[in-house]
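Under our numbering, think of the first position of the sequence shown as 1, with each following residue one higher.
What the hints contain is simulated information worked out from the structure, not anything from laboratory work. Heads up, the beta-carbon is just placed ideally off N, CA and C, and yes, glycines get one too.
Below, computed lysine-lysine pairings styled on DSSO-like, alpha-carbon distance capped at 27 Å: (1) K6 to K46; (2) K342 to K564; (3) K287 to K319.
Estimated spans, in silico, between C-beta atoms of each pair: (4) K288 to R225: 24 to 32 Å; (5) N348 to T532: 46 to 54 Å; (6) E420 to T526: 25 to 33 Å; (7) V124 to E529: 53 to 61 Å; (8) A541 to E420: 17 to 25 Å; (9) A541 to R156: 54 to 62 Å; (10) K481 to N521: 25 to 33 Å; (11) E90 to G340: 24 to 32 Å; (12) R225 to K46: 32 to 40 Å; (13) G438 to D155: 54 to 62 Å; (14) E529 to K418: 20 to 28 Å; (15) D442 to N521: 23 to 31 Å; (16) K386 to E251: 58 to 66 Å.
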Amino acid sequence: MSQLNKYKRFTITSALPYANGPLHIGHLAGAYLPADIFVRYLRMLKKDVVYICGSDEHGAAITIKAKKEGTTPQAIIDKYHKQIKDSFEEFGVSFDIYHRTSSAIHHDLSQEFFLNLYEKGEFVEKFSEQYYDEDFDQFLADRYITGTCPVCSNDRAYGDQCENCGTSLNPTDLINPVSTLSGKAPVLKPTKHWYLPLDKYQPWLEKWIDEKEGEWKVNVFGQCRSWLKSGLQPRSMTRDLDWGIDVPLEEAKGKKLYVWMDAPIGYISATKQWAIDNQKDWQQYWKKQADDADDTCLIHFIGKDNIVFHCIIFPAILKAHGDYVLPQNVPANEFLNLEGDKLSTSRNHAVWLHEYLEEFPGKQDELRYVLTSILPETADSEFTWKDYQARVNNELVAILGNYVNRVMILMHKFFDGKVESEGGNITFTDNELNAEVGRYYDELGKNLESYRFRQALQNVMDMARLGNRYLTEQEPWKSIKTDAEAAKNALHNSLVLIGHLATCLQPFLPRTAEKIFGMLNVAPVTFDEEITFANGHQLNAASLLFEKIEDEAIEKQVQKLADKKAAA
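Using the sequences and the hints given, assemble the complete structure.
Put into structure tokens, the structure is as follows:
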């Protein structure tokens, strides 16, 4: 837990989800669940932390969706902003604010950033030939154009990025480009835009990123080095679009800011709004302070398809602006696959969060557990419904739930659910048990601070396994007949262990932790506090933490995916 102590405050962001569709489990596993676990951990350490997110409501993806649904971009963003926000709340992602980039405060700040760079002469203004759809009389930016990726040959690459290999692209890089509006090959037409000369920042970026070797994930560092090795090119920060933030220049009438110019600034505008709402100074969470020791620790949680924007483009924008801190870490995750295939919004091959919440009511922690167990931390991983069932039944029910239930039932059966301790608060009387639990705490802290959330969760589950073994070895149901004191001692040790389990589960399974604290009849505690069971302390009734997932429920979900695949 030491490396976190050098920071007085933390600014944690999760990638802004596009408000053009609902959330699926791939989104959760990429940018939201890992960040939520980390933020809950920081709060338990009593750190000054703000957790920021919001809907990304600009760019071609929004207008394309609006045309597809025969409605307006505003109607699309209003619909999906609400759905996404509601899903996050019900699932339990604990943002301090969930904002939106259509807000006035965001438009103003984005334009201020652009003007700051413009007035410093940071942009290169130039005419270039861009693809144009003559049938629809408009330029084709970003997702308005698709073609074959020149790097990996994916034939569904967009005009700004290939989502298959993550390469950052310009529309003119695409092989055999096609307009997504008319389906025809576009023509080239001259237009003026404002470019951020990333090549100018390459030497600085190389030095800054090299300093992150060993600190950043290998996959993130490697991807950054790969881009730098191939040489950075100027990138247009403006677009010929009719939806987005106006470029604040007289000579740029009708042009909008590139969505990746405005979207990351959404983290800052959301923080500003949070600060207004909570009487805080937003600049403490983003700006460099007079003393470097007072600077916030900025961490971006994202999926691997957003690495270039958060590790190359946004840092270059912040550097060009000046005054702002740079990210300390960008622990990007790889992709989560589904039942042997890539998750696909367009093919409807996904487990949608809002549907899961409807079909598995009250089972948020079950999904949190399974997704945390298979997070694609350094390589792609896979979700299957059979694995979901196996992990819930064989781990949550059989190990964690079983242990807590056994101890609670035995305490009520033999001691009427009452702690009897003449010597004050009960603590571990078994030194070996105490040492093992201490070791798990140490491992848990190290893993959480290294963004190894899968392993951290296993540390907690190993604590539950330890409890089960201890209870089986002690056999209080037998010793109660011959040595009641030994039985009581074993159950008291087990109660203390359950208290530690509840404490450590809070970042991962917050609802489950709350249930356990409720059964123990104690208030939740942080990592530097201990639960006290005084003489006469009365436990509440035992209740099952989890229930088995039946085959029928799983077969229904597998069939649902098969039906979607057949219809695609």
